[in-house]
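K.L.:
Residues per chain, in single letters:
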Amino acid sequence: MVAANKISVDTIWRILKDIPDPEVPVLSVLDLGIVRDVIIHKDTAEVIITPTYSGCPAMDVIRVNIKMALLENGFKDVKITTILSPAWTTDWMSEEGKQKLKSYGIAPPNPVQQVCNKDLFAAQEAVQCPQCNSYHTHRISEFGSTACKALFQCDDCKEPFDYFKCH
Amino acid sequence: MLNQSTNQLINYTLHLADNALILGHRNSEWCGHGPVLEQDIAITNISLDLIGQARNFYQYAAELTNARPIRHTAVAGNGDVERSVTEDDFAYFRDSPGFKNILLVELPKGDWALTILRQVLFSAYQKKLFEKLKESKDVQIAAIAGKALKEITYHLRWSSEWVIRLGDGTEESHARIVKAIDELWGYTSEMFLPVEYELQMLNNGMGADVISLKETWMQNVKEVFDEAGLAVPSAQLIHKGGKIGKHSEYLDDILKELQSVARANPAAIW
Numbered sequence: 001m002v003a004a005n006k007i008s009v010d011t012i013w014r015i016l017k018d019i020p021d022p023e024v025p026v027l028s029v030l031d032l033g034i035v036r037d038v039i040i041h042k043d044t045a046e047v048i049i050t051p052t053y054s055g056c057p058a059m060d061v062i063r064v065n066i067k068m069a070l071l072e073n074g075f076k077d078v079k080i081t082t083i084l085s086p087a088w089t090t091d092w093m094s095e096e097g098k099q100k101l102k103s104y105g106i107a108p109p110n111p112v113q114q115v116c117n118k119d120l121f122a123a124q125e126a127v128q129c130p131q132c133n134s135y136h137t138h139r140i141s142e143f144g145s146t147a148c149k150a151l152f153q154c155d156d157c158k159e160p161f162d163y164f165k166c167h
Numbered sequence: 001m002l003n004q005s006t007n008q009l010i011n012y013t014l015h016l017a018d019n020a021l022i023l024g025h026r027n028s029e030w031c032g033h034g035p036v037l038e039q040d041i042a043i044t045n046i047s048l049d050l051i052g053q054a055r056n057f058y059q060y061a062a063e064l065t066n067a068r069p070i071r072h073t074a075v076a077g078n079g080d081v082e083r084s085v086t087e088d089d090f091a092y093f094r095d096s097p098g099f100k101n102i103l104l105v106e107l108p109k110g111d112w113a114l115t116i117l118r119q120v121l122f123s124a125y126q127k128k129l130f131e132k133l134k135e136s137k138d139v140q141i142a143a144i145a146g147k148a149l150k151e152i153t154y155h156l157r158w159s160s161e162w163v164i165r166l167g168d169g170t171e172e173s174h175a176r177i178v179k180a181i182d183e184l185w186g187y188t189s190e191m192f193l194p195v196e197y198e199l200q201m202l203n204n205g206m207g208a209d210v211i212s213l214k215e216t217w218m219q220n221v222k223e224v225f226d227e228a229g230l231a232v233p234s235a236q237l238i239h240k241g242g243k244i245g246k247h248s249e250y251l252d253d254i255l256k257e258l259q260s261v262a263r264a265n266p267a268a269i270w
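Those sequence lines, one after another, are chains A and B. Taking my numbering, the leading residue of the first sequence gets 1, the next gets one more, and so forth. Taking my numbering, the leading residue of the second sequence gets 1, the next gets one more, and so forth.
Certain hints may be false.
As the list claims (entries may be wrong) - Distance ranges between label pairs, derived from CB positions:
{"hint": "1", "chain 1": "B", "residue 1": "Asn66", "chain 2": "A", "residue 2": "Pro25", "range": "29 to 39 Å"}
{"hint": "2", "chain 1": "A", "residue 1": "Gln99", "chain 2": "B", "residue 2": "Asp111", "range": "24 to 34 Å"}
{"hint": "3", "chain 1": "A", "residue 1": "Val9", "chain 2": "B", "residue 2": "Ile244", "range": "43 to 53 Å"}
{"hint": "4", "chain 1": "B", "residue 1": "Ala267", "chain 2": "A", "residue 2": "Asp10", "range": "37 to 47 Å"}
{"hint": "5", "chain 1": "A", "residue 1": "Asp60", "chain 2": "B", "residue 2": "Pro108", "range": "52 to 62 Å"}
{"hint": "6", "chain 1": "B", "residue 1": "Ser212", "chain 2": "A", "residue 2": "Pro25", "range": "43 to 53 Å"}
{"hint": "7", "chain 1": "B", "residue 1": "Ala267", "chain 2": "A", "residue 2": "Pro20", "range": "26 to 36 Å"}
{"hint": "8", "chain 1": "A", "residue 1": "Tyr135", "chain 2": "B", "residue 2": "Arg165", "range": "45 to 55 Å"}
To be verified - Among the chain A residues that face chain B by a calculated CB cut under 10 Å, a handful are:
{"hint": "9", "residue": "Met59"}
{"hint": "10", "residue": "Glu142"}
{"hint": "11", "residue": "Gly144"}
{"hint": "12", "residue": "His167"}
Think of the hints as simulated: they come from the structure by calculation, not from any bench. Even glycine gets a Cβ: it sits at the ideal position worked out from N, Cα and C.
Put together the whole structure using the sequences plus the hints.
P.N.:
Dropping the structure here:
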């Protein structure tokens, strides 16, 4: 029984690897770091997830997509549980995910949590342009196309780009 | 006894939710009307965060309501007491007196100066409050507050920078922010005047002492005002009552819009 559970848990993690984030489809839910645990109870497969931002509208879709994928793969009783603590951080994003983001044209989060710097007009963090790798970039807007991104522009190649901001 | 303290916890959770929902809705009125595209996106992103916080609190209030042994008609307008309640019942099917938000958040959005100033006043308060609630004995309140804190820190920094730009900007921008201070200041006291459910939550270790938040809040606001060349006004007439359901007509206007679709088609699924 223990062995069977282990196989199921591994299978679920493998399935999750192919479920994309609906807003940044180049990332899987695992790359994003929002899956916190997978537990097999007696007859139930439970996946525990946490939102990136309190208001992230993708969460409802992600919940449905995970459930559908597990049902399609033969799991009959699936439960998706959302937890809020500990709060999600970009530190949980996988290295592979950061590389995928960059090749997709989105600058990955810097390792330092600049958002915690509450100083007003604080020096802007150096964000690397995902197109030409230049650090000569500037922030256009602290908020971007989704809750998790800010808008930047490269001063060298002039391309505007999304930055997956530290959180 | 147990029931009564659960009721107060529900009231308290709704108070936190209503503050976030109503300000989130007010800010969302800028969608498509922001002064420039980037700031339109910024203020609506803040709306999204606030409405997300509200949903977390409403979902918890629904969970608490459904767990009670006897279901009362906690949700006005919902005659079916057998059915369990959801977050939507709280957002869409309560009338104005059922809402527990402070009056500050329901005032019309005004001009950009007023919207920005209100965000600073509220975010600074929310930040101090949630830093305390993060340690709440109620684990779900603590989790929601902890989750929201990073977002709030970002809101506060962004809106504070705007108040400084406007205060330290042109004659016109300075005049507008001064006018906004004059209009909003009388609504700030309500944040620090606890009502019964807040006191009870404080006593059982689940809430926060809002009276004690005033000093650090004032310090924070004063720092921003100093930088912006703005003066903190002297005491004004205090407007309060929102926390116990006594609202201005402005809340009715919001609810008319916010609830119209859900009420026109209560069986709709989204």
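K.L.:
Decide, hint by hint, whether the structure agrees.
P.N.:
Hint check:
no.	hint	result
1	B:Asn66 x A:Pro25: 29 to 39 Å	36 Å, holds
2	A:Gln99 x B:Asp111: 24 to 34 Å	45 Å, violated
3	A:Val9 x B:Ile244: 43 to 53 Å	50 Å, holds
4	B:Ala267 x A:Asp10: 37 to 47 Å	42 Å, holds
5	A:Asp60 x B:Pro108: 52 to 62 Å	31 Å, violated
6	B:Ser212 x A:Pro25: 43 to 53 Å	47 Å, holds
7	B:Ala267 x A:Pro20: 26 to 36 Å	32 Å, holds
8	A:Tyr135 x B:Arg165: 45 to 55 Å	26 Å, violated
9	Met59	9 Å, holds
10	Glu142	5 Å, holds
11	Gly144	7 Å, holds
12	His167	6 Å, holds
When each numbered hint is compared with the structure, violations occur for hints 2, 5 and 8.
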